[in-house]
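Residue 2 in our numbering sits at position 2 of the sequence shown; the count goes up by one each step and never skips.
I should point out that these hints are in silico values taken from the structure, not numbers from a laboratory.
All of these numbers come straight from a predicted model, not from anything done at the bench.
Be careful, since some hints might not be right.
To be verified - Cross-link-like lysine-lysine pairs, in silico, BS3-like; alpha carbons within 27 Å at most: (1) K302 x K178; (2) K302 x K218; (3) K218 x K178.
Stated by the list, open to error - Label-pair restraints from in silico Cβ distances: (4) R251 x S150: 31 to 39 Å; (5) G266 x H295: 21 to 29 Å; (6) A249 x K224: 16 to 24 Å; (7) D276 x G167: 33 to 41 Å; (8) Q205 x G248: 30 to 38 Å; (9) R223 x S150: 29 to 37 Å; (10) L243 x G195: 17 to 25 Å; (11) A221 x E155: 34 to 42 Å; (12) G248 x R188: 27 to 35 Å; (13) R188 x L291: 14 to 22 Å; (14) K178 x T247: 29 to 37 Å; (15) S150 x G267: 28 to 36 Å.
Beta carbons: idealized from backbone N, C-alpha and C, even for Gly.
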Amino acid sequence: MHTLKEKVTEKLSHLFADSPPSTSPTLHQPQARSYSKGGKSLSSFFSYILPSASIDEFIPNKHEDDIKPIQSLPVRWKSKHFDWRDEPVDICAESGPVCDNKETLNTHKEYEDPPSGRSTSDSDVFEEAIDPHSPEKPKPNLTEDSSFISSDLYEFLQSSIPNIVRGCQWILLYSTLKHGISLRTLIRKSADLSGPCLLIVGDMQGAVFGGMLECPLKPTAKRKYQGTNQTFVFTTIYGEPRLFRPTGANRYFYMCLNDFLALGGGGNFALCLDGDLLNGTSGPCETFGNLCLAHSPEFELKNVELWGFTHSSQYLT
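Turn these sequences into a full structure, and let the hints steer you where they fit.
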């Protein structure tokens with residue numbers, strides 16, 4: 001009996017001795033630990049059961065360039081059986097947009113707001129210093145240059161004139177620098193337009209003042225007041241433009257003669273110009289409740305302008 005077993009064992013040993021060795025060049029394969037019980041190795045039983053099996057068949061990609069460490073082989077459970085031949089799982093491909101590369105992540109970071117909520121770039125800092133939301137002052141919509149109207153004064157007067165002429169083009173009907181020194185000429189030029197008109201004058205000390213009239217001016221033979229409650233007077237001697245509207249105390253809005261033009265009444269004229277437009281007077285009056293519009297009650301005129309308003313962009317003087 002022992003002789004037969006020894007012969008079978010010897011034949012099996014010769015059979016496995018003749019099989020070619022594994023050709024894996026650099027793969028470090030785990031060696032099976034020899035387990036013997038009663039002088040018989042576990043490997044001999046394994047070889048007896050699977051005589052043609054080789055451990056190399058369980059390691060895919062025998063080529064040197066494709067060899068991967070066993071610990072890096074992924075596991076994919078398609079069924080109850082474990083398959084070493086499955087390809088590596090591409091986590092980024094399966095997860096979709098959740099997994100981005102570094103370049104994409106950096107791109108997102110560039111568009112994120114900094115924790116402070118303010119941009120740190122030089123151009124943004126410059127824009128914040130400029131304050132792009134600050135309101136721009138309107139540009140004077142004047143057909144000709146004025147000796148008195150600045151951007152601030154234009155903005156003030158534009159908000160004070162009647163609604164019917166707001167946004168209209170300002171037409172210079174008369175100027176002493178352009179048309180000569182004469183009240184009669186001013187009255188004649190006022191007939192070029194009809195509707196509200198603005199009289200603007202100045203004294204030699206730099207004050208700018210005037211009032212709202214109605215064109216064309218109609219001189220009367222006797223002192224007779226004209227105008228409506230849209231009439232007002234203004235001045236700049238208080239540091240910024242100041243407006244005085246009718247108080248309702250009387251209806252002395254303005255009067256016009258060939259040699260005399262005055263606004264307001266009751267105590268004093270708010271503004272009075274003589275026939276040669278060289279001198280004038282100003283004082284408190286009941287019509288507008290104003291103070292003196294000039295630096296002094298009697299003053300020498302620097303210039304006189306009369307402005308009309310029109311919706312037409314073409315006007316010939």
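Tested hints:
In summary, the hint linking K302 to K178 is supported, as the alpha carbons are separated by about 13 Å, within the 27 Å threshold. Taking the CA atoms of K302 and K218, the gap is about 25 Å. The hint holds against a cut of 27 Å. A threshold of 27 Å between alpha carbons decides the hint, and for K218 with K178 the separation of about 22 Å falls inside it, so the pair holds. Under the hint 31 to 39 Å, the C-beta atoms of R251 and S150, about 33 Å apart, fit the expected range.
A beta carbon spacing of about 23 Å between G266 and H295 agrees with the range 21 to 29 Å that was offered as a hint. The hinted range of 16 to 24 Å is satisfied by A249 and K224, whose Cβ atoms lie roughly 18 Å apart. Evaluation of the 33 to 41 Å hint for D276 and G167 yields a pass: the beta carbon distance comes to about 35 Å. The supplied range of 30 to 38 Å is met by Q205 and G248, whose beta-carbon atoms lie about 32 Å from each other.
Between R223 and S150 the CB atoms are about 35 Å apart, so this pair conforms to the stated range of 29 to 37 Å. In this structure, L243 and G195 meet the distance hint of 17 to 25 Å, their C-beta atoms being roughly 20 Å apart. Between A221 and E155 the beta carbons are some 40 Å apart, a value that agrees with the proposed interval 34 to 42 Å. In this structure, G248 and R188 meet the distance hint of 27 to 35 Å, their C-beta atoms being roughly 33 Å apart.
Evaluation of the 14 to 22 Å hint for R188 and L291 yields a failure: the beta carbon distance comes to about 32 Å. Judged by the Cβ atoms, the range 29 to 37 Å given for K178 and T247 holds: they are separated by roughly 35 Å. For S150 and G267, the hinted distance range of 28 to 36 Å is satisfied, since their beta carbons lie about 31 Å from each other.
When each numbered hint is compared with the structure, a violation occurs for hint 13 only.
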